[in-house]
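So the protein sequences, as listed, match chains B and L.
Residues 1012 to 1144 (the numbering used here) make up the first sequence, in order.
Residues 555 to 705 (the numbering used here) make up the second sequence, in order.
Read the hints as simulated data drawn from the structure, not as lab findings.
All C-beta atoms in this analysis are idealised placements derived from N, C-alpha and C, irrespective of residue type, glycine included.
A portion of the hints provided could be inaccurate.
Counterexamples of contact, computed for chain B against chain L with all Cβ distances above 12 Å [to be verified]:
hint, residue
1, Glu-1025
2, Leu-1062
3, Leu-1064
4, Pro-1069
5, Val-1071
6, Asp-1087
7, Lys-1093
8, Glu-1094
9, Ser-1096
10, Leu-1098
11, Lys-1099
12, Glu-1100
13, Asn-1113
14, Leu-1119
15, Ser-1141
Distance windows between CB atoms, simulated [as the list claims (entries may be wrong)]:
hint, chain 1, residue 1, chain 2, residue 2, range
16, B, Glu-1109, L, Ala-591, 28 to 36 Å
17, L, Arg-627, B, Asp-1066, 28 to 36 Å
18, B, Glu-1100, L, Lys-674, 41 to 49 Å
19, B, Ser-1116, L, Cys-621, 36 to 44 Å
20, B, Leu-1128, L, Glu-586, 15 to 23 Å
21, B, Arg-1142, L, Arg-626, 30 to 38 Å
22, L, Ser-608, B, Leu-1128, 20 to 28 Å
23, B, Lys-1091, L, Ser-608, 32 to 40 Å
Here are some chain B residues the structure puts well away from chain L; computed CB gaps all over 10 Å [claimed, not checked]:
hint, residue
24, Val-1052
25, Thr-1054
26, Val-1055
27, Glu-1063
28, Glu-1068
29, Glu-1082
30, Thr-1084
31, Lys-1090
32, Pro-1112
33, Glu-1124
34, Val-1143
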Amino acid sequence: MMSLAREGSQGGRELHVLAVDDSSVDLAVIARLLRSSKHRVTTVDSGKRALELLDLEPNVNMIITDYWMPEMTGYDLLKKIKESSTLKEIPVVIMSSENVPNRISRCLEEGAEDFLLKPVRPSDVSRVCSRVM
Amino acid sequence: MEYSSLQRQVAYMKKGLFDQGYLDEQFDELEELQDEASPNFVEEVVTLFFRDSSRLMANIEQALERCPQDFRRLDSYMHQLKGSTSSIGALRVKNECTKFREYCDQEHLDGCQRSFQKVKREHAVLKQKLESYFQLLRQIGPTERATRSGS
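Work out the full structure, taking the sequences as your base and the hints as a guide.
Next up, the structure:
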């Protein structure tokens, strides 16, 4: 199911973004980037926790996930989301510190909305959020 | 008057960190994200970095003593460390991490060990320098810090 973004207090769209990264540093940075653009952010440190949260909290407008995580990669998480009838409409953005063309094309073919190279810039966040809004 | 003298000291210290290659533009990007709602964001992220990186480096230290050597595990740890260094703009540490990974690729244990000593050294120096930087910054009020233009 697709949930609608809420109208922000200043008339812009406020997205609820789920950020997934096993690095606490990167999670803090991506959360700050999103919050400084007035989006609501929930952070988790693994794909497993992301799926648990999505089970309880379906009102997520976008998922932004690191690619390389132990146990479940961002690609694995993307696949599970796209295979789920309730979650497949949620846009998924993948982040990675490595520019590996095969990896990028595999993720995009699997239905990723975008693929961002770390460190992620404010302009990257604006671009992906605008597209979702 | 006192604030502007402190701000000059902060700017000078920061310029030194950039000129000597300890930091790169990613650190500036993080400072741009600070505002009145999050006036200590950079210090918080840097604190997280030193917490996580110390743990990773302890893992690497242990892994280097194993026999036979598991270069994939070593590389995995160093990949994580390098990622974090990149996220805070810790350029010198990042460069040493890159060299370590090259030795991992070659399965060159001696090279890994020597390179790791350099990673540790750069990490310790950066920690000291950033502690001094943030100590100085704390003497400037949060509003001044948040609205200070980048140098």
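Task: Cys-621 (chain L) and Ser-1116 (chain B) - C-beta distance against the hinted 36 to 44 Å - done: 40 Å, holds
Open item on the list: Over 10 Å from every CB of chain L: does Val-1055 (chain B) meet that, or does the non-interface label fail?
Closed with: About 16 Å separates Val-1055 (chain B) from the closest Cβ of chain L, which puts it past 10 Å; holds.
Task: Cβ distance range 20 to 28 Å for Ser-608 (chain L) and Leu-1128 (chain B), holds or violated - done: 26 Å, holds
TODO: Starting from the range 41 to 49 Å, see whether the pair Glu-1100 (chain B) and Lys-674 (chain L) falls in it by beta-carbon distance.
DONE: Hint holds: Cβ distance 47 Å, inside 41 to 49 Å.
TODO: Determine whether the non-interface label on Thr-1084 (chain B) survives the test: each CB of chain L must be over 10 Å from its CB.
DONE: Per Cβ check, Thr-1084 (chain B) is outside 10 Å of chain L; nearest 13 Å; holds.
Open item on the list: Please check whether the beta-carbon of Leu-1064 (chain B) is more than 12 Å away from every beta-carbon in chain L.
Closed with: 21 Å, holds
Task: Given as non-interface: Leu-1098 (chain B), which should sit over 12 Å from chain L by C-beta - done: 27 Å, holds
Task: Cβ separation of Leu-1128 (chain B) and Glu-586 (chain L), checked against the hinted range 15 to 23 Å - done: 19 Å, holds
Task: Status of the stated non-contact between Pro-1112 (chain B) and chain L (beta carbon gap over 10 Å) - done: At about 18 Å from chain L, Pro-1112 (chain B) clears the 10 Å cut-off, so the statement holds.
Open item on the list: Minimum C-beta separation from Val-1143 (chain B) to chain L exceeding 10 Å: can you confirm that?
Closed with: Given that every Cβ of chain L is farther than 10 Å from that of Val-1143 (chain B), nearest at about 21 Å, it holds.
Task: Non-interface claim for Lys-1093 (chain B), where every Cβ of chain L lies beyond 12 Å - done: About 25 Å separates Lys-1093 (chain B) from the closest Cβ of chain L, which puts it past 12 Å; holds.
Open item on the list: Please verify that the nearest CB of chain L lies beyond 12 Å from Glu-1094 (chain B)'s CB.
Closed with: 27 Å, holds
When the structure is compared with the earlier hints, no violation turns up for any of them.
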